[in-house]
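Q: Sequence:
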Amino acid sequence: MKGKKEDAVDDEMAEKLSIRKQRFMKFASLEYGGEYYMTPRDFLFSVMFDKSERKTLAKKLTKKEVDSTLANVTKARPGPTFFRDLGDRGLISYTEYLFLLTILTSKYFDGDCTLQFK
1 MKGKKEDAVD
11 DEMAEKLSIR
21 KQRFMKFASL
31 EYGGEYYMTP
41 RDFLFSVMFD
51 KSERKTLAKK
61 LTKKEVDSTL
71 ANVTKARPGP
81 TFFRDLGDRG
91 LISYTEYLFL
101 LTILTSKYFD
111 GDCTLQFK
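All the letters of the sequence shown, read from the start, carry residue numbers 1 to 118 under the working numbering.
Accuracy of the hints is not assured; some may be wrong.
[As the list claims (entries may be wrong)] With a straight-line Cα cutoff of 27 angstroms, these simulated BS3-like cross-link-like pairs (lysine-lysine) come out: (1) K51 / K107; (2) K21 / K107; (3) K64 / K107; (4) K26 / K51; (5) K21 / K60.
In short, the hints are calculated from the structure, not lab data.
Work the whole structure out from these sequences, hints included.
A: Below, the structure is given as structure tokens:
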């Protein structure tokens, strides 16, 4: 249980974060070295749903787990189901999250349903 003081600190910190950072933190399920990360599944949920149903505390990763995850991602094959196929095997930083959102919301992306940039 959190005390009132901890809740006040959390509320103050949340107000200082941008809306996108708040959303990232809401769905990020991994932590390594003080940084939070999303899995590809977390990313998909963040763009499809308003709430994260499975969000608890972020899982703290070891260096070995990070290395193993990154090794698995390099073996993945590109395609239309790339993120779904990766599931929880991948790390997406906040910067990468912003990049992916920018691409998805770009007016130059897929205006003619070809999944290509103009």
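Q: Could you run down the list of hints and mark each one as holding or not?
A: Verification of the hints:
1. K51 / K107: holds, 26 angstroms
2. K21 / K107: holds, 22 angstroms
3. K64 / K107: With a Cα-Cα distance of about 40 angstroms, the restraint between K64 and K107 is violated, given a limit of 27 angstroms.
4. K26 / K51: holds, 8 angstroms
5. K21 / K60: holds, 19 angstroms
Hint 3 from the earlier list is the only one contradicted by this structure; the remaining hints agree with it.
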